[in-house]
Amino acid sequence: MSNEMGDLQTIRQRLAGAHGKEYWRCLEELADSEAFEQLLRAAYPRQAAAWADSLDRRGFLKLMGASLALAGLSGCLSPAPAPTDEKIVPYVKQPEEIIPGKPLYFASAMPLAGYGRGILAESHMGRPTKIEGNPSHPASLGATDIFMQASILELYDPDRAQVLSHAGRIATWDNFFAAINGEMAAQRLNGGASLAILTETITSPTLSFQLQQLLEKFPKARWYQYDAAARDAAHGGARLAFGDVLDAIYRFDRAEVILSLDADFLYYGPGALRYARDFSNKRRVVGAESGMNRLYVVESMPTVTGSMADHRWALAPRALAAFAHAVAGGLGVANIGASQASEGVDQRAVDAVVRDLQNHRGRGIVLAGDHQPAALHALAHAMNQTLGNSGATVHYIEPVEAQPVDHGHSLRALVGAMGAGQVQGLFILGGNPVYSAPADVQFTELLARTRFTVHLSPYENETSALCRWRVPEAHYLESWSDVRAFDGTASLIQPMIAPLYGGRTAHELLAVLLGETGRASYELVRAYWQQQSKARSDFEQFWRAALHDGVVPQSAAQTRQAALKQSSSPPSVGTTTDQAPQAGAAPAAAPLEVLFRPDPSILDGRFANNGWLQELPKPVTKITWDNVILLSPSTGERFGIGRRIGSSGGERGNIYADMVELEVGGRRVRGAGWIVPGHADGCVTVHLGYGRARAGRVGSRLGFNANTIRTAEARWRATGATLRKLADQYPVACTQFHQVMEGRDLIRAGTLEQFRSDPAFVQANDKHAHAESLYPGFKYEGNAWGMAIDLNSCIGCNACVVACVAENNIPVVGKAEVRRGREMHWLRIDRYYKGESDNPEMHHQPVPCMQCENAPCEVVCPTHATTHSEDGLNDMTYNRCVGTRYCSNNCPYKVRRFNFFQYQDFATPSLKLQRNPDVTVRSRGVMEKCTYCVQRIRQAQIEARKDNRAIADGEIATACEQACPAQAIVFGDINDPGSRVTKLKGGALNYGLLTELNTRPRTTYLARLKNPNPELTKE
Amino acid sequence: MAQIFHPSTNTISRVSIFGGIGFIIALILVLVALNRSAYVSEIGVARAQPVPFSHKHHVADDGIDCRYCHTSVEKSSFAGIPSTKICMNCHTQIWPDSAALAPVRESFRTGQAIQWTRVYNLPGFVYFDHSIHLNKGVGCATCHGRIDQMPLTWRVNTLHMDWCLECHRAPELFVRPREQVFNMAYRPPADQLALGRKLIKEYDIRPLTGCSTCHR
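Chains as they are written, first to last, in the numbering used here: chain A, 3 to 1021; chain B, 3 to 218.
None of these hints come from the bench; they were simulated from the model.
Since no wrong hints were added, every one of them can be taken at face value.
Straight-line C-alpha distance at most 20 Å; calculated PhoX-like pairs for lysine-lysine:
1. A:K104 <-> B:K77
2. B:K77 <-> A:K948
3. A:K89 <-> B:K87
4. B:K200 <-> A:K948
5. B:K138 <-> A:K948
Per the computed footprint, the stretches of chain A lying under chain B, defined by three or more beta-carbons under 8 Å from a beta-carbon of chain B, are:
6. 94-106
7. 866-873
8. 921-927
9. 944-956
Just so you know, even glycine gets a beta-carbon here, dropped at the ideal spot from N, CA and C.
Here chain B stands alone, though its shape is the one from the complex (with noise of 0.2 Å):
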């Protein structure tokens, strides 16, 4: 009686075997690298917004300070978007007749709100707050990146929790002192981990990592 499998049968099985294995790892690497890439993350990609603005004109060449527009940073879990009255404060007086303007003054004229997109979006379930990190020393520039050099506004960070977890777990790594907080160019100094032992201390910072710190 013949053989049923021609020899060469080995080497298909070998190759769809081991083949199968590395390509199943090669999938799981590919969706690893999808979930973090900028088509999912959205890091780097500039959103729409119904007035061009520009922070890095407001910031670096106007030299505004954050909580000019952000006014509850300081105080509470929401940052605060500006008000279309605190855009006005200047521009009733600064190209107050500027095209790009025209949905603000719109907008102040109807008392319809302007519908900005948002560009950092947490899920339903996670509950950050604005205050205390800056008030333990995270400055802005550390989540959102330099700002100030951005024309229109994108995500520098991709917001998982692992990424949370970075500074939750070993917060001497990325804190500053409070007065550089809103400093864009702030750069850490070469003993950052001296730094960040000696404001932990002073500061009173605790690494918290429990589920309901940010999960209610």
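Extracted from the complex, chain A is given alone in its bound form (with noise of 0.2 Å):
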């Protein structure tokens, strides 16, 4: 039996009922299945079953007195005797600034689809082992993302490309370079007519100045450019709408009402982690005063934006079309037919919608998503156009890009070229086409058949497998570039480390090309700074403030004026092509549309291989190591899909999914289907990125590969597709169905007006505990650490988490162990629901160690490994740990996270690098937990207490505060009156999880609030 889900109607009369939770974590919570109560009871058993075993009482204490006295014995070994030989090695010439023990801290970028985002790197002794935000950088702000997080595991990846290999053999650099003079000497003589490059998205000013000297240098050759995350629509709508490209910076700092068409701008493209800051500081609350922005989302896949939602709507592409499309009409934005496709739109919607955005005229914003058509896109500038918002709350600027072509066009006219003979040879620098090409591109076969092409990529993928020359890449980590930012900003990359395996630069490549072999990319990047401020006499100086700063100064975009153009006509948006089916009761037979969308861990394919992101629960669906296929309750009902949640197989939970075939243009995909709360009816999610075949020992192999049902034309949308429901089940790594709390009254929320009427409305249900104790209470003289988690800033972005992993040497354990609910994350993300099953309210909670005062784990632990510090920190000592499990068990809250195997990779040499060296790396039958980085506590502790001074407040950043981009994670001391946290934990916002039990968290959290539009509310 599939369907244990419980029939959607039941759902549905559940949640009518007065009865009904009001939130829940997945379907099966909600309708009170069997199986999930089953699951339930195996996690958490509320009775232990009476001792039923035939073990007598005499036996049992045979055995306990055996391993009693046997228990003693471990402790007559010294743990971990030091090895008596092991060498210790100095410097030769130790360099001035290197203090032995202290990291040191160098700005850089990390480029990620083109686009720069500053990093300052830490370096234990030239050994970079952890990503930062550069608070500089205008990107960045000094937080980070997932992928920024994670980029330090790429640098050690093994699987990295080692070797520079032509036709499969090893071959030497003199070979290759001797090799390129070969082809480019031939290539000269016809002016480069048959030589071509392929790049992915370029902003590196150095690198776009090479390429130009190339196509100079050879007028015939030819520039292509496909990468599978460019902007292509948004370049499109742009030039729709003002006849021109540019990019639109959005300024969320000053807006007030923001309507998004499907663009998830907290969470995805360039300019995120800047929108997210400002987006969330426009929604603190801290007392009646405080005013909140609002957000409208429209779109078909609930996505991290569209949690944030104060109302969000949940359609599909046409409909999610057409309802931008009436609102366009009912702001008055000249040229639309207001009869366009209008039917089945929530008109009360719309009109409230426009009637917030023209009551805020200059403080709004309308974007469109990466994935929505041009003409979407055409639409959102009119409307903001129309609604003076230009200049204002968007401003426009030249394109940031070097050269801002189509790369759906782009990679169609390289196969072109390709088939018509007309390219001999080919260089690629970076991505994997062959992978990330659409299905009808026949880009491989010709690939295979062109007489001199060069692949130059981090990894040995599928495209390299094709190429005759295979070079290696020096990671951005051991390279000297540049890369401009979303606003233009531009940013020196330097290297924290000599290239591990050899690698080179794209600037090191076309220097080869341009006849400069041997130049160096620091000489190349250097000379081009150096050129282009040849006003300058004091050069030298502006590299190095440059450099130390990570922003080159004054090097963000003018600001443009932008007017539409006056024949426009924007948006034919609801006229596509395809037969629409009618809105409301979609037949049976009737085609679903297939909407393609990076996967939000691993984007398109590009971080396959890395095991932090593979493990990480996606935002929304908190699904790890797959992709599957993604569909509304009711779309699943319709083709009767489900899912079973397995009995056997681990702790907690383990879930087999229905597989099924997806079919477009007699294309067809195989792949599990998952229901997702939220989503658009009609239509279907699939995620890029999986179903690699060459991606590395991590992501090969793992899920299916949705690029082999997609066409140039449709890149992101595809219509006419069928689905038909398989009979095998798929295993998939949930994480959504561990740790469950029961209930509780773990996670509030209320509306903005409900607590300017009754600011206590959160307090007020709190549970009191009985706190009676014959002790006295303990008095934390000093500091006493405490943490404040804003839920109402907090978009579920993950940054928290890997920023925890890198920092705090958190193995992967794959997913095998993931299904058995043995995920090591000590700091994990919760996701719940409220309301109806359709379209959902979404709520993040970020859970590390509640760090008790009073900790139930520490009394229960035999060995005294977990015991509690003077400053209130709930200590976890690992040499201690004999791996009784008795205080994860007795954690109210799951925190603790137990090393079932020796999940952590002692035998990879270039792993042992990435380690930070200030926190231990645990091994097998050791229990672990999240310690408010007590590693970063301890070292500002000993600095502060070598100048005999107190700790100022925000000294200290824990690893996931300081990642956040919302800003949403608070740490300090809560016995500082002055402190940002005890102000926090004063507000009426405030509150515990599980107080009742008197555990005395020392994390609380500020409930979170929306700001629902009156007018939409009122029944």
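Take each chain as given, in its own frame, and dock them per the hints.
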């Protein structure tokens, strides 16, 4: 029986009934299905079954006696004795800046899909170990995303391309240079007529300068671009609206009303960190006088941004376009036939949005998602112009990309040229087009037939396999380069470490093509900037300042006036070619639409071999290690798709989902069908990046490859798909079912209005603990560390989780272990739903260790491995732990993690370099948990004590706090009345989890507030 | 029926029962003693080094301050092992042709570091910080002994946790004025307890015994 989820009818009835649970985490819970009950019972036995074993009392005592006697023995051995002949290797000449034992921080930038995000790389004696955000960089402001955090693991990935090879055999660089010189000499004769360069998105000033040089030298050569994450639609939209490609910069710090048309601007895209900061700053509620912005989101697949919405509508693409159209019509955007495709649109919602936007002229933003058609972007631009938002909350700048071509067209042009035999020499700089090209582009076959092919790549991937020359590319932490951010700000990229595998950069490869073999990236980048600042007499000073700060001063792009094209008749968004099904009840045979989206964790597959990202529960679905076919509850019901909770398979849950086959235009793909509450009906979403054949030992052969059903015409959305349920089921490692907290008052939310009328509503239902004790309470003199997590700001982006993994040497356990509920993340983000299953509210709750003052774990530890420190930390001493797991059993928050196996990779040499030297690397049989980054606390304490001063507020940032783009996590001293955390904890929104157990948690939460439009909440 | 056991069996059984207990106690005592013996703890065992470096010569005879070589001892957790360059600061002039210094010159010429053997080594789960100990008035000699009298370097303490805790529980018995920290010949005054109490107040020394002080 596959459909144990409970049928939809039951769920709806329960929700309608007064006794339905208000908050829920999965449909099974909502339906109170029997299997879910069983799962709960297995995880949390309400009554331990009576001793039913055949073992009698005498036998039991014998066994216990023996184990006690033997347990003592382990204490006789000194734990992990230091090796007697360990060597200590000093420098020959110690660099002046290095103090052994203290890390240095270097500013640099991480290029991701072409765009830069400023970083500070922590370096321990020449060994980068951790990435932090650069506070001076406009795209970071000190925050990081999951990709920046995980890029450090990529640097040390043992599966990176390590050798230069030709036709599958290791070659020398001299051979390679000679081969290129030969090829280029031949190309020069005909002006490079059969020479092609294929790159990803490029914003690097030096690289684009080099490419220009190359095109001047070889005038007939062609530069093509294909990046699976390219922003074609945004560029196309600007071209439609303004007749010119412009980049839009949004000022969320000034916006009061935001309408997102499927734009996941808080999570996805080059400006996401900045936008998340600005957005959440407008939502912080301190007192009744605080205001909040209002976010309307229309989207098909629930996203991080959708979870933050005050009003969210789940609409399939056609209906979404119609909605946008109706809003534009209501706003009076010129040249729109108001009659277009407006049937089925919720007119009440449209009117409310229109009025709200009109009431906030110049203080609103309308924006369209990167995967929406260009026409919708044009429509959004037109709406912003009409509302007077342009120039106020929306700025336009010259495109940051060196050459903002349409990547889809560019790839097809390349394939056309290859097919016509016009490409003899092809240089692919990065990317993996063989994997990521749409299925109907015959790139793969033609690539194999091209005479001279070179692939510069950090990994030997599907594309390398078909290229003659495979050139290992240096990681960005090993290279000199430069990159521009979403607003045009340029940063220099400086190496933290010499290339581990002798990789070269794109600059060096292009220099070879230009006949400058042997010029190093440093020289090239420096020469470019020297030439750019000819007027400067103080170039050295400029260069050093730019390197030190991580940004080139005054390099942000100038804002530009943008006027709508007069003739523009934007938006025929509602009139796409397909025959639309009528809105409303779709007949069973109605074809589906398929939405293609980059995976939230591994994007287009470029991070497929990154274990940290693979194991990260994806923000909404909480699935790890796989992609699935995502559909709405109604669509799932229509096709009879369900899932089964595996009864055997570990502690917490093991989910088997029905396999389905998705067919689009004769192309088929098979994957697990997965129901997501809040998904739009009539369409399914598939994530790219999986089904890799040659990703490496981590990323290969996971999930399915959605590129095989994509076409060049419909890269983000295909119509006319059919879905067929298959007989078999597929195990999915989903953390959604783990650590269920059983419907207690864990997440608290309300509305701004509610808060204003009754500021105490959050704490009103606090259950009071029985705190009577015979013992006097412990007095915390000195510091008392605490944390406040603002659920109102938290966007659930996972940056904190990966930051914690990187800081605390947390191992990756693999899919099989996650299915047993054994993932090791010290910090998890719980996701709760509220309301009806078609379009529920979503709430995120990061849950680290609560550092209880009355910690239940401490009293049950037989070896005193977990104890309380004088500043109120719940310490975990790994070397004392014998692995009884009593503490984990007794933890009401389920935040303790146990090393069931040797999860840590002690064998791979390159991975040892990544580890934080200030944190013990745990081995098998040891319990671990969040420590509030005690290594950072103790370090700051030592520095402060050396100066005989108190630790200043904000001097210690935990890894999660430091990474958070929304600044939702605040850590500090609760004994200091002036500290930020004390003030937050004193607020009316503050509440603790399960305080009725008298655990006195040091980590508390600020309740979530929404700011719904009163027009829409009135019945 | 004759007795199965001869009367002497009583004695044998008494001896074996009490002797057995005695044997177990003796075994435990031997193991404890062994654990603290030089054989296991390496106290007093001079380690072979690539260069027979003498602290006695450099500190006592030449009067070089600890910090000339151990540069980061006041700033960092790690005291710092001198780079070859520091050796060569003097040894380009003094004993430039000495055979014993050949590995140092070799290192300086080739850029290959000298590989010293660790004398003081803590397990990986212990985080010790030199700088804070010096700052709070713990002398070098308190842990490292009279290093100025060691021709080759050996360890003088077990580095067992109870040894660390001796001082962490009662720092007043061990601390000295900051200006005496590097003084190898410093002898605690007769009223160490009074001095210790005074310094604890003055330097704001807090006896930290929480686990995460050292284990992270």
